[in-house]
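Novice: Protein sequences appear in the order of chains V and C. Mapping of the first sequence onto the working numbering: position 167 corresponds to residue 167, and the numbering continues sequentially without gaps. Mapping of the second sequence onto the working numbering: position 13 corresponds to residue 13, and the numbering continues sequentially without gaps.
Only true hints are included.
Pair by pair, the computed Cβ-Cβ distance ranges are:
{"no.": "1", "chain 1": "C", "residue 1": "F75", "chain 2": "V", "residue 2": "Q4", "range": "30 to 36 angstroms"}
{"no.": "2", "chain 1": "C", "residue 1": "E80", "chain 2": "V", "residue 2": "R132", "range": "47 to 53 angstroms"}
{"no.": "3", "chain 1": "C", "residue 1": "P55", "chain 2": "V", "residue 2": "V8", "range": "19 to 25 angstroms"}
{"no.": "4", "chain 1": "V", "residue 1": "Q4", "chain 2": "C", "residue 2": "E80", "range": "40 to 46 angstroms"}
{"no.": "5", "chain 1": "V", "residue 1": "G197", "chain 2": "C", "residue 2": "D82", "range": "22 to 28 angstroms"}
{"no.": "6", "chain 1": "V", "residue 1": "T134", "chain 2": "C", "residue 2": "R86", "range": "47 to 53 angstroms"}
{"no.": "7", "chain 1": "V", "residue 1": "A202", "chain 2": "C", "residue 2": "R86", "range": "35 to 41 angstroms"}
{"no.": "8", "chain 1": "C", "residue 1": "R40", "chain 2": "V", "residue 2": "E5", "range": "20 to 26 angstroms"}
{"no.": "9", "chain 1": "C", "residue 1": "L15", "chain 2": "V", "residue 2": "E200", "range": "23 to 29 angstroms"}
{"no.": "10", "chain 1": "V", "residue 1": "R133", "chain 2": "C", "residue 2": "L62", "range": "36 to 42 angstroms"}
{"no.": "11", "chain 1": "V", "residue 1": "R132", "chain 2": "C", "residue 2": "R78", "range": "43 to 49 angstroms"}
{"no.": "12", "chain 1": "C", "residue 1": "R78", "chain 2": "V", "residue 2": "S188", "range": "29 to 35 angstroms"}
{"no.": "13", "chain 1": "V", "residue 1": "S188", "chain 2": "C", "residue 2": "S9", "range": "29 to 35 angstroms"}
{"no.": "14", "chain 1": "V", "residue 1": "R212", "chain 2": "C", "residue 2": "T53", "range": "21 to 27 angstroms"}
Anything over 12 angstroms on all C-beta distances counts as not near chain V; from chain C, calculated:
{"no.": "15", "residue": "D59"}
{"no.": "16", "residue": "V60"}
{"no.": "17", "residue": "E61"}
{"no.": "18", "residue": "A79"}
{"no.": "19", "residue": "E80"}
{"no.": "20", "residue": "C81"}
{"no.": "21", "residue": "Y85"}
{"no.": "22", "residue": "R86"}
These are calculated hints, taken from the structure and not from any lab test. By construction, the Cβ of each residue, glycine as well, lies at the ideal position given by its N, Cα and C atoms.
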Amino acid sequence: MTSQELQVQQKRELEQKQEGTVPARSFVSNADIYEIDEALVVSLETPGVNREHADISVENDVLTVDGRIVLKVPEPGPDLSGISSGPLQARLHAVEPDRPAQDRRRDERWRAYHYSAEGRGSEAGADLHRLRRTHLHGVLASAIRGGAMRRIGLASLAMAVAASQAIADPLADCSRGRNAEVRLRACSEVIASSAFGPDEKAVAYRNRGNARADAGRGG
Amino acid sequence: VLIELPGVSKNDIELEAKDRSIGLSGSKTVSFSGRARVHRRERVSGVFDRTITLPVQIDVELLKADYKDGVLVLFILRAECDKLYRSRLADEPKRRKVP
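Input sequences plus hints: build the corresponding full structure.
Specialist: Below, the structure written as structure tokens:
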């Protein structure tokens, strides 16, 4: 099986409904939500958020993830203050429009978790339904046991990062990409983009021709 | 240089540096356990290959890479030949005026 080549994903900016206390740009992050026999798993891509700075809570049928992007640099370098901090918020609503009667107990248990999360003492079953979380390579996975969140609607997922990111360089890929396919795609990107001038596009046309020849696609 | 690579294992990242460019390649896998019923799928898997060109010559020997929490941080030092030369006018030796 051949792997699909990943494209650079531009972050989608979130429309803020309310004014935040931290002035930062917010983006919508990628999420996988799937159900296995014993739990419902929500995986969020949260690069730059470590275990200590991610906080998960459940309130009013909403799973909320709050986090902060903290990048620890090995030695004092250039000013990274613009990149080093920002809040992350994720809200996931539990939607159960046609919940059968036998599932109610599960729902109560799930609410028990909610109470224990707020520190109001342990209700019956609360300890059985702890939210299990794992954090690996910038992906935060929350396993919600009990199956109460049968259907999940992703309400909003915001990640704040600084504007100064490592920017991919299609011009460089166009001339020096590792293989013909990479060069071909990068050159097409340069040709199609309004960000590049006629001189750069002329070079891109030439490189694309060469890349086509290298890829064996012909003129 | 900061690169976001959420879900990519450290062992799956390959880094190449030469002159003024850095090449980064690798693969990303997204796996679900056997009998998973997927409600929403936004994360993608596959291979990646990027080249980043820098405005200065880099010192490949002193390149430092740190990967944590899905973010790859590269510390790149200027090569000796591309280092900025700073001097204050006051420190310059006085020159005689040419008549």
